[in-house]
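Protein chains in written order, with this note's numbering: chain A, 397 to 456; chain B, 630 to 789.
In short, the hints are calculated from the structure, not lab data.
Mixed in with the good hints, there may be bad ones.
[Stated by the list, open to error] One-sided excerpt, in silico: chain B residues whose CB lies under 8 Å from chain A:
{"id": "1", "residue": "A637"}
{"id": "2", "residue": "W638"}
{"id": "3", "residue": "G731"}
{"id": "4", "residue": "L734"}
{"id": "5", "residue": "S735"}
{"id": "6", "residue": "V739"}
{"id": "7", "residue": "I748"}
{"id": "8", "residue": "V763"}
{"id": "9", "residue": "G776"}
{"id": "10", "residue": "V787"}
[Claimed, not checked] Simulated pairs of lysine-lysine, BS3-like, Cα-Cα distance not exceeding 30 Å:
{"id": "11", "chain 1": "B", "residue 1": "K635", "chain 2": "B", "residue 2": "K709"}
{"id": "12", "chain 1": "B", "residue 1": "K668", "chain 2": "B", "residue 2": "K635"}
{"id": "13", "chain 1": "B", "residue 1": "K767", "chain 2": "B", "residue 2": "K709"}
{"id": "14", "chain 1": "B", "residue 1": "K709", "chain 2": "A", "residue 2": "K410"}
{"id": "15", "chain 1": "B", "residue 1": "K668", "chain 2": "B", "residue 2": "K767"}
{"id": "16", "chain 1": "A", "residue 1": "K410", "chain 2": "B", "residue 2": "K668"}
The C-beta atom is built at its ideal place from N, Cα and C for all residues, glycine as well.
Given next are the chains, with one letter for each unit.
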Amino acid sequence: MGRRAAIVGFGQTKGSSSRRDVTGVELINEAVRAALADAGLGIGDIDAVVIGNMDHFEGS
Amino acid sequence: MRFRQKPAWIRGAAYCSDSYTLGYRDLADPRALRAAAQKAYRMAGIANPLKELDAAEVYDAYSYMELMWYEGLGLAAEGKGAELLRSGATETGGELPVNPSGGTLSAHPVLVAGLVRLIEAVLQVRGDAGRRQVPGAKRALAHGINGPCGQCHAVMIVEA
Chain A
397 MGRRAAIVGF GQTKGSSSRR DVTGVELINE AVRAALADAG LGIGDIDAVV IGNMDHFEGS
Chain B
630 MRFRQKPAWI RGAAYCSDSY TLGYRDLADP RALRAAAQKA YRMAGIANPL KELDAAEVYD
690 AYSYMELMWY EGLGLAAEGK GAELLRSGAT ETGGELPVNP SGGTLSAHPV LVAGLVRLIE
750 AVLQVRGDAG RRQVPGAKRA LAHGINGPCG QCHAVMIVEA
């Protein structure tokens, strides 16, 4: 495989049995912001986004 | 481009899915995991995972899983998972610490349980795992599953 793929940052939302303070979209935002902060990057530095989702839970 | 963190290089990444229908497969034979692990090891150039990996994070939402996944991951021969556990090789300070994070039995963020294993593997090779750090860890494995009773397995190898 290619030798130039690396994980340079990650983000995880605050874990809790229930998060009534955010919507589902805001939860994604929280994780993305944490990942960008960890990597020291801005959203403008990102060239491609891949999302893992489950339509059943997201009602989309 | 310069990054704030030490990159965790992806050396191997593979997944394999078995039949959805439980009656169509042997639930005590994790062949999908075996296939995924062997492919990831080939990519990473790993011949003996027990010796060549420094830490492993596996999905163990139920206590039987860790023992069976040892065998699927090639850390123990078939039927020898319990023996490996008893030997202490997978404890903190052992030859290959498994789930220094506490694993999924300790905290199970269901839909991202595999991704969190990968985060933990990254923290290990970055040297950022705090009190659960495996000293000097350079190469770590992350494992996640999906589907009923270990239908689909994903294995990734990251390296500092």
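Cut-off 8 Å, beta-carbon criterion: hint that B:I748 touches chain A: Check passed: Cβ of B:I748 comes within 5 Å of chain A, closer than 8 Å.
Given hint B:K767 paired with B:K668 - CA-CA distance at most 30 Å: With a Cα-Cα distance of about 20 Å, the restraint between B:K668 and B:K767 holds, given a limit of 30 Å.
Restraint outcome when B:V787 is required to lie within 8 Å of chain A by C-beta distance: This hint holds: B:V787 lies near chain A, its Cβ roughly 6 Å from the closest one there, short of 8 Å.
Hint validity - B:S735 Cβ closer than 8 Å to any chain A Cβ: violated (12 Å)
Holds or violated: B:K709 to A:K410, with C-alpha atoms at most 30 Å apart: Measuring from Cα to Cα gives roughly 38 Å; hence the hint is violated.
Straight-line alpha-carbon gap B:K635 to B:K709, limit 30 Å: violated (36 Å)
Per-residue hint verdict: B:L734, partner chain A, C-beta under 8 Å: Result: violated, 15 Å to nearest chain A Cβ.
Interface restraint verdict for B:V763 against chain A (beta-carbon cut-off 8 Å): Where the cut-off is 8 Å and the nearest Cβ of chain A is about 18 Å from B:V763, the hint is violated.
Hint check, B:V739 versus chain A [nearest Cβ-Cβ separation less than 8 Å]: violated (10 Å)
When the least beta-carbon distance from B:W638 to chain A is tested against 8 Å, hint result: Holds, about 5 Å.
30 Å limit on alpha-carbon distance, applied to hinted pair A:K410 and B:K668: Measuring from Cα to Cα gives roughly 34 Å; hence the hint is violated.
Agreement of hint B:A637 with chain A interface, Cβ distance less than 8 Å: holds (4 Å)
Against the hints set out earlier in the document, violations occur for numbers 3, 4, 5, 6, 8, 9, 11, 14, 16.
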